[in-house]
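Trainee: Letter by letter, the chains look like this.
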Amino acid sequence: MSSVAVAAANERRLTIARAMAEAIAQEMRIDHRVFVMGEDIGTLGGVFGNTRGLFDEFGAERVRDTPISETAFMGAATGAASDGMRPIVELMFVDFFGVCFDAIYNSMAKNAYFSGGTVKVPVVLMTSTGGGYSDGGQHSQCLYGTFAHLPGMKVVAPSNAYDAKGLMTAAIRDDNPVVYMYHKGLQGMGWLGTEPAATVHVPEESYTIPFGQAAIVREGRDVTIVSVAMGVHNALKAADLLAADGVSAEVVDLRTLVPLDRETVFASVSKTGRLIVVDEDYHSYGMTGEIIASIAERDLSVLKASPQRVAYPDIPIPFSRPMEQFALPSPEKIIEAYGKMKGRRGWRWM
Amino acid sequence: MAVDVTIPTDLWEEDTEAAITSWLVSDGAVVSEGQLIAEIMVEKVQYEVRAPASGAIKIGLPVEAVAPKGGTIATIS
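Chains as they are written, first to last, in this note's numbering: chain A, 25 to 374; chain B, 83 to 159.
FYI, nobody ran anything at the bench for these hints, they're computed from the structure.
Careful, some of the hints might be misleading.
Said to hold, decoys possible - Here are some chain A residues the structure puts well away from chain B; computed CB gaps all over 10 Å:
(1) 49
(2) 138
(3) 169
As the list claims (entries may be wrong) - Here's a subset of chain A near chain B, in silico, CB distances under 8 Å, partners left out:
(4) 38
(5) 73
(6) 223
To be verified - Chain B is nowhere near these chain A residues, computed Cβ spacing over 10 Å in every case:
(7) 96
(8) 170
(9) 230
(10) 321
(11) 323
For each residue, glycine too, the CB sits at the ideal point set by N, CA and C.
Here chain A stands alone, though its shape is the one from the complex (with noise of 0.2 Å):
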């Protein structure tokens, strides 16, 4: 049998949402302080297929149905934490959490802090995010900026079924909290948009993947293209274009926000001088503008062009599909970033 045909009789190729589902399956068969809340999150699975088949193994007091009341589980989510739990609770569009953000910023936060490290708040909270299936601008923004901000939390976004595991089952046993943002275009789950390439194949057995650790998803020598989830994917489509026309781009997949690899991104913009960022939160006061700065106060001189920033307008998300589709990320709006640094007009440069 020759090796490929080994990898593909050992595959075994699962969706974001179900790795997701797998990795809290063991840690709750490990772990009885773990257990799961949120709404819809039961007998349903979750809106977006990350807790398929939890309500059957575990039952009812472990996988808990909440009433539409953010305000009471994530509160309730950090009592639990600071008493000796393991909560996962589900804030299910991230949109929501302006009537839950005094119980994440103030208490979730920053508990550990205010007690001098005696109370510890391991609470993973998980959240959706992202557009692009027309659901309007209070369910498709990212809003990764206003998580990674505040210290005191740690932010994960995965852009495939790998490192969604692995970072779920990292997320659990942290002893701080985490927040897991999915994106829901890489679920799997068809009505949200599919992108195929975020099923990948996924060990059944546990492991982790330690935070602050970027991925060079892709080498390159010519431009480094940053960027976390969907983001990703826009970037190594824009870099199959751009390798099309000689050019040979690098993708890094920060994998987590906070911690920040500030390193892999610095080392990569070392060896190709240029660098893209690719945000599908908003344009300004965000990630890609944290990038950038983190290169030009280290070391300017390794540079060959003044970055480029790839992001959401700063506009409220559009309903209208024609408008949302204009205002998205695209991997020609990359390809345009990237001619508009070698002194070019327009994505069809090539």
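Guided by the hints, dock chain B onto chain A, whose structure is given.
Mentor: This is chain B only, laid out in the frame that chain A set:
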């Protein structure tokens, strides 16, 4: 002998077509009978497709393609 992988006919009542949302195996992979190989969706509800036989799979329809009940989406030989 090749065995067709078809859209199940008994999972939902109406005559609605299903969309393939994920292939959980690669084209050409060796699968075992009963193995979960694909997810399909009908009106936002997902269903599982399992391998009807063991062997090498040849994927016939890509992700996002639509097929009727009983329609062939792959073959296993």
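Trainee: Can we confirm that no CB of chain B comes within 10 Å of the CB of residue 321(A)?
Mentor: 42 Å, holds
Trainee: Can we confirm that no CB of chain B comes within 10 Å of the CB of residue 170(A)?
Mentor: The assertion about residue 170(A) holds, with a minimum of 28 Å to chain B.
Trainee: Report holds if the minimum CB distance from residue 169(A) to chain B is greater than 10 Å, and violated otherwise.
Mentor: 30 Å, holds
Trainee: Could you check if residue 223(A) really has its C-beta closer than 8 Å to a C-beta on chain B?
Mentor: 5 Å, holds
Trainee: The output says residue 96(A) does not contact chain B. Does that hold with a beta carbon cutoff of 10 Å?
Mentor: 28 Å, holds
Trainee: Given residue 38(A) was flagged as interface, is its beta-carbon under 8 Å from a beta-carbon of chain B?
Mentor: 7 Å, holds
Trainee: Residue 230(A): least C-beta distance to chain B exceeds 10 Å?
Mentor: For residue 230(A), whose nearest Cβ neighbour in chain B is about 20 Å away, the distance exceeds 10 Å, so it holds.
Trainee: Compute the least Cβ-Cβ separation between residue 323(A) and chain B, then decide whether it is above 10 Å.
Mentor: 43 Å, holds
Trainee: Should the hint that residue 73(A) touches chain B count as held when the rule is a Cβ pair under 8 Å?
Mentor: Since the shortest Cβ distance to chain B is 7 Å, the answer is holds.
Trainee: With d taken as the least Cβ-Cβ distance between residue 49(A) and chain B, does d exceed 10 Å?
Mentor: Non-interface label stands for residue 49(A): nearest chain B Cβ at 15 Å, farther than 10 Å.
Trainee: Grab the minimum beta-carbon distance between residue 138(A) and chain B and tell me whether it stays above 10 Å.
Mentor: At roughly 43 Å from the nearest Cβ of chain B, residue 138(A) sits farther out than 10 Å, so the non-interface label holds.
In summary, the structure agrees with every hint in the numbered list given earlier.
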